[in-house]
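2 protein chains.
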Amino acid sequence: LDQEAMDQIQGRLDSLTKPQGSLGQLEHIAKQLGGIQRTSKPIIQKKAVLTMAGDHGVVEEGVSAFPQEVTPQMAYNIMNGGAAINVLARQANAEVFLTDVGIAFPIEGQLIQKRVANGTKNMTKGPAMSRYEALQALLAGASVAEEKIREGYNLFATGELGIGNTTPSSAIVALLTNSPIEEVVGRGTGIDDEGIIRKRRAIEKAIEVNQPDTSDALDVLSKVGGLEIAAIAGSILQAAASHVPIVIDGFISTAGALIAAKLAPQSIAYMIPSHGSMEIGHRKALAGLGLDPVLNLNMRLGEGTGAALTFYFVEAALRIIEEMATFADAGVSEKSS
Amino acid sequence: LDQEAMDQIQGRLDSLTKPQGSLGQLEHIAKQLGGIQRTSKPIIQKKAVLTMAGDHGVVEEGVSAFPQEVTPQMAYNIMNGGAAINVLARQANAEVFLTDVGIAFPIEGQLIQKRVANGTKNMTKGPAMSRYEALQALLAGASVAEEKIREGYNLFATGELGIGNTTPSSAIVALLTNSPIEEVVGRGTGIDDEGIIRKRRAIEKAIEVNQPDTSDALDVLSKVGGLEIAAIAGSILQAAASHVPIVIDGFISTAGALIAAKLAPQSIAYMIPSHGSMEIGHRKALAGLGLDPVLNLNMRLGEGTGAALTFYFVEAALRIIEEMATFADAGVSEKSS
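Residue numbers (the numbering used here), protein chains in the order written: chain X, 17 to 353; chain R, 17 to 353.
Quick caveat, the hints were computed from the structure, so don't treat them as lab data.
Treat the hints with care, since some could be wrong.
Said to hold, decoys possible - If you anchor each label on the Cβ, the simulated ranges turn out as follows:
1) X/Gly206 - R/Gln227: 39 to 45 Å
2) X/Glu198 - R/Arg106: 34 to 40 Å
3) R/Lys351 - X/Glu167: 35 to 41 Å
4) X/Arg214 - R/Thr55: 56 to 62 Å
5) R/Arg106 - X/Pro122: 32 to 38 Å
6) R/Ala280 - X/Ser258: 41 to 47 Å
7) X/Gly206 - R/Leu17: 52 to 58 Å
8) R/Thr55 - X/Asn109: 26 to 32 Å
Said to hold, decoys possible - Cut-off 25 Å, straight-line C-alpha distance, at most; resulting in silico cross-link-like pairs (SDA-like, lysine to any residue):
9) X/Lys57 - X/His44
10) X/Lys351 - R/Pro83
11) X/Lys63 - R/Leu334
12) X/Lys62 - X/Lys300
13) X/Lys351 - R/Lys57
14) X/Lys351 - R/Gln89
15) X/Lys63 - R/Ser231
16) R/Lys351 - X/Asp235
17) R/Lys300 - X/Met294
18) R/Lys57 - R/Pro196
19) X/Lys351 - X/Glu339
20) X/Lys221 - X/Asp235
21) R/Lys141 - R/Pro196
22) R/Lys57 - R/Tyr92
23) R/Lys57 - X/Asn96
24) X/Lys351 - R/Gln227
25) R/Lys351 - X/His44
26) X/Lys300 - R/Asp308
27) R/Lys351 - X/Gly97
28) X/Lys63 - R/Glu338
29) X/Lys351 - R/Pro88
30) R/Lys137 - R/Arg106
31) R/Lys57 - R/Ile296
32) R/Lys351 - X/Gly211
33) X/Lys63 - X/Glu338
34) X/Lys62 - X/Asn134
35) X/Lys63 - R/Glu339
36) R/Lys351 - X/Ser159
37) X/Lys351 - R/Glu210
38) X/Lys62 - X/Phe121
39) X/Lys63 - R/Lys300
40) X/Lys63 - R/Gln282
Note that beta-carbon positions come from the ideal geometry of N, C-alpha and C, so glycine has one too.
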């Protein structure tokens with residue numbers, strides 16, 4: 017990030033009519049945006065939610081509360097504008113771009129086609145996908161981000177859709193944050209106690225069968241990951257490479273962010289945290305990136321919903337540096353001593 | 017609150033294409049709004065930030081980082097649209113109404129005149145104000161809220177301005193949540209370590225000298241409170257009485273909310289929490305009301321800034337119940353089992 021731009025914004029923030037630092041995270045975001053855009057006057061042009069969809073062979077193990085057919089059904093719901101992410105993106109004046117990175121069966125409509133496979137394979141029996149497929153899915157995400165940047169979008173939210181995808185996400189978070197499995201396995205869309213036990217066992221078995229090399233993010237991603245998780249990681253890496261900030265949604269998105277950070281630690285500087293999900297492993301995953309969530313809404317929906325809500329704060333941060341009066345302008349006395 | 021309206025909204029929420037309860041606090045806010053407005057289709061018409069200003073005799077004890085003249089200076093800054101609350105209210109499409117409940121010297125301009133006194137007296141030497149003045153300031157706040165409700169505003173944010181006002185707020189929070197003083201005294205606008213010691217001593221002395229009766233909120237308010245804190249409590253009580261929701265800002269506002277709750281516990285149901293402030297006693301104060309903040313922005317500015325940012329989530333909650341597709345409409349399969 018551009019330190020000079022950040023210093024200029026810090027100077028501006030400290031001249032505004034408020035106690036120094038009293039706007040907390042809004043001040044941090046303003047500086048981060050300036051550092052990313054390399055200017056003391058960062059601006060947001062167009063905002064996009066990049067929702068990546070993929071299916072998971074591991075659903076055979078009974079790890080989800082919803083049947084796999086819900087992935088394509090919800091993809092149609094998003095295309096028709098009826099999902100939560102559509103509502104929150106409309107409120108934020110942002111657009112949702114749904115990408116099929118590997119739903120189990122091909123679907124048609126207003127979505128970006130980047131199909132790598134008909135979902136992943138059951139990771140308890142072997143790798144979820146080949147290393148080549150993982151790379152393809154990662155590049156698919158990067159390519160979507162690149163295209164949207166070319167179209168003038170300069171603020172992204174990550175998002176995803178895929179029945180079963182908290183299971184590979186838990187596996188990734190356990191491996192990359194070196195956490196016990198039981199501390200990062202939650203209820204996903206709402207599985208019961210027996211389902212949680214099946215989910216933990218599936219992850220344990222997947223790790224045992226595949227022996228992922230935790231020093232190699234692509235090995236982890238291909239063996240116990242997901243196609244949409246790979247695409248999320250790719251979109252983050254492309255955003256960072258193009259100097260575009262990207263708001264990280266919930267648990268699955270943060271698993272993708274951990275993969276991105278492992279491949280290129282510099283990408284963390286381009287990430288903006290959003291909410292702390294109800295999914296128990298999420299805060300651990302965020303801590304692994306050194307990120308602190310700004311929203312505490314007890315959400316656990318995915319799609320990009322928490323990240324889309326966070327756009328509001330990014331815009332608030334920029335309004336503050338643009339519109340607030342300085343101590344000098346307003347004739348307000350500064351701190352004594 | 018109207019249970020029938022809340023049940024109808026719960027039914028609607030559970031029919032929408034998302035795992036049940038997965039929108040967390042947004043779902044809670046939607047139900048609360050329906051219960052308050054007594055309809056399954058709550059709407060927001062106009063939004064107002066009610067910023068109450070008052071001065072504090074206790075500043076003589078060296079409890080604030082800024083000189084007292086900053087209260088009127090910041091009042092002019094708000095009237096001129098240059099303060100943080102103006103910027104955030106503009107973003108929220110809300111209006112800021114500044115009320116002078118007792119700035120040390122009268123000021124002129126676009127503000128609501130409800131002056132009760134030239135600031136409070138130094139509470140380390142006797143009561144901050146008389147019981148009658150406390151009641152007058154409380155009724156001033158109620159009257160502002162009532163007038164704005166008559167003008168069609170149906171969502172409020174509390175807010176305040178007053179150099180030195182974290183000191184009486186800490187006293188109120190300590191007394192009404194039965195907390196040790198050192199756990200509820202923070203840095204306010206940015207006082208140093210010696211200032212913190214002076215601040216604690218001032219509060220201890222004020223409590224010792226005045227012996228407030230913690231079973232009597234008006235006694236606490238008049239002896240160790242503030243005029244703008246009384247007005248905040250009054251605005252909350254009027255909002256509740258008129259079935260209008262009110263978003264509670266930071267530490268000082270929450271002290272006002274504790275007074276309101278002590279006078280009429282039913283008013284808590286009309287309060288919407290906003291952010292968890294950096295001021296160390298704030299979470300304790302919120303816990304005293306059973307409220308959990310939705311924003312984690314490390315802010316400590318007041319004026320109504322955290323509450324104004326929270327308007328966005330109230331609107332998001334209403335959009336969700338209005339615009340999302342149901343499982344039936346979208347042809348999405350429900351949870352298995």
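For each hint, the structure was consulted:
1. X/Gly206 - R/Gln227: 39 to 45 Å: 53 Å, violated
2. X/Glu198 - R/Arg106: 34 to 40 Å: 48 Å, violated
3. R/Lys351 - X/Glu167: 35 to 41 Å: 37 Å, holds
4. X/Arg214 - R/Thr55: 56 to 62 Å: Since the Cβ atoms of X/Arg214 and R/Thr55 sit about 43 Å apart, the hinted range of 56 to 62 Å is violated.
5. R/Arg106 - X/Pro122: 32 to 38 Å: About 47 Å separates the Cβ atoms of R/Arg106 and X/Pro122, which means 32 to 38 Å is violated.
6. R/Ala280 - X/Ser258: 41 to 47 Å: For R/Ala280 and X/Ser258 the Cβ distance comes to about 55 Å; the hint is violated.
7. X/Gly206 - R/Leu17: 52 to 58 Å: Given range 52 to 58 Å: violated, Cβ gap about 26 Å.
8. R/Thr55 - X/Asn109: 26 to 32 Å: Hint holds: Cβ distance 28 Å, inside 26 to 32 Å.
9. X/Lys57 - X/His44: 14 Å, holds
10. X/Lys351 - R/Pro83: 7 Å, holds
11. X/Lys63 - R/Leu334: Status holds; Cα separation ~22 Å.
12. X/Lys62 - X/Lys300: Judged against 25 Å, a Cα distance of about 31 Å means the pair is violated.
13. X/Lys351 - R/Lys57: Violated, at about 48 Å.
14. X/Lys351 - R/Gln89: 13 Å, holds
15. X/Lys63 - R/Ser231: With Cα atoms ~52 Å apart, X/Lys63 and R/Ser231 exceed 25 Å; violated.
16. R/Lys351 - X/Asp235: Since the Cα atoms of R/Lys351 and X/Asp235 sit roughly 33 Å apart, the hinted pair is violated (cutoff 25 Å).
17. R/Lys300 - X/Met294: Holds: R/Lys300 and X/Met294 sit about 22 Å apart, inside 25 Å.
18. R/Lys57 - R/Pro196: 44 Å, violated
19. X/Lys351 - X/Glu339: With Cα atoms ~21 Å apart, X/Lys351 and X/Glu339 stay inside 25 Å; holds.
20. X/Lys221 - X/Asp235: 16 Å, holds
21. R/Lys141 - R/Pro196: Answer holds: R/Lys141 to R/Pro196 is near 21 Å, not above 25 Å.
22. R/Lys57 - R/Tyr92: 39 Å, violated
23. R/Lys57 - X/Asn96: Status holds; Cα separation ~23 Å.
24. X/Lys351 - R/Gln227: The hint is violated at about 33 Å.
25. R/Lys351 - X/His44: Not satisfied, since the Cα-Cα distance of roughly 41 Å exceeds 25 Å.
26. X/Lys300 - R/Asp308: The hint holds at about 21 Å.
27. R/Lys351 - X/Gly97: The given pair, whose Cα atoms are some 21 Å apart, holds under the 25 Å limit.
28. X/Lys63 - R/Glu338: 23 Å, holds
29. X/Lys351 - R/Pro88: 15 Å, holds
30. R/Lys137 - R/Arg106: The given pair, whose Cα atoms are some 35 Å apart, is violated under the 25 Å limit.
31. R/Lys57 - R/Ile296: 38 Å, violated
32. R/Lys351 - X/Gly211: Holds: R/Lys351 and X/Gly211 sit about 13 Å apart, inside 25 Å.
33. X/Lys63 - X/Glu338: With Cα atoms ~19 Å apart, X/Lys63 and X/Glu338 stay inside 25 Å; holds.
34. X/Lys62 - X/Asn134: 32 Å, violated
35. X/Lys63 - R/Glu339: 20 Å, holds
36. R/Lys351 - X/Ser159: Roughly 34 Å between the alpha carbons, so the hint for R/Lys351 and X/Ser159 is violated.
37. X/Lys351 - R/Glu210: 15 Å, holds
38. X/Lys62 - X/Phe121: The hint is violated at about 32 Å.
39. X/Lys63 - R/Lys300: With a Cα-Cα distance of about 37 Å, the restraint between X/Lys63 and R/Lys300 is violated, given a limit of 25 Å.
40. X/Lys63 - R/Gln282: 42 Å, violated
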